[in-house]
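Trainee: I would like the entire structure built from these sequences, with the hints used as guidance.
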Amino acid sequence: MDATAVTTGDGTAAVESEQDGTTEEVAPIPKDDLFHLLQNQRRRRVLSYLRDADDQVDMRDVAEHIAALENDVEVTALSSAQRKRVYVGLYQCHLPKLDEAGVIHYDQSRGTVERTGITDQLFPYLEVPGETESPVEDVRQLVLRYHGVATVLGVVLTAAAWASVLPVAGLWLATVVTVLFAAATFAVVYR
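Positions 1077 to 1267 (this note's numbering) are the ones given, in order, by the sequence shown.
Derived from the structure by calculation, the hints contain no laboratory data. Hints are not guaranteed to be accurate.
Quick list of simulated restraints, FRET-style, between CB atoms [claimed, not checked]: (1) K1107 with A1245: 57 to 65 Å; (2) T1251 with P1104: 49 to 57 Å; (3) K1107 with K1160: 29 to 37 Å; (4) D1148 with K1173: 54 to 62 Å.
Using 20 Å as the maximum straight-line C-alpha spacing, the simulated SDA-like pairs for lysine to any residue come out as follows [to be verified]: (5) K1107 with E1176; (6) K1173 with S1185; (7) K1173 with R1120; (8) K1160 with S1185; (9) K1173 with R1136; (10) K1107 with F1199; (11) K1173 with A1157; (12) K1173 with V1241.
The beta carbon of each residue, even a glycine, is placed where N, CA and C say it ideally should be.
Mentor: This is the structure:
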């Protein structure tokens, strides 16, 4: 595709043709349609694959890449059944849906996929950190990190007090450890 996507200030995108220098406005995708398109992980992975591609790509390459991600193996280690399962899903459902929405150009007869001017509108929605982890897992990791630090500091202070390195009364040490855990809890809640 000989075009460059340009984001305008009004929430739309424009496509500037490299051949004749003209600019064509591309209407923004309504939020409901956008979220419907992005609700499926395979469609998000197609868009991620296209984000890194400069030109049109072979649909078979896209299918192999997604199959490798889904099966957590290298492309060379994929079985025929794993390839076929993803290929059929992309061929029959996901690529036609993205093409119908104008997000990609899918030439089913040639087996090629390429970006359109609208494709770039969806890329910011793909930038979700830790997509493979659930939000619950993210919170769990955060809690473990903060409470882990508070626990280590509490143990160090307690050991120092027991070894008489820190001349502290028992109530003072308990207060410091409690404040550490309270700070860790507030850090998790208000982050």
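Trainee: Out of the numbered hints, which ones does the structure contradict?
Mentor: 4, 11 and 12
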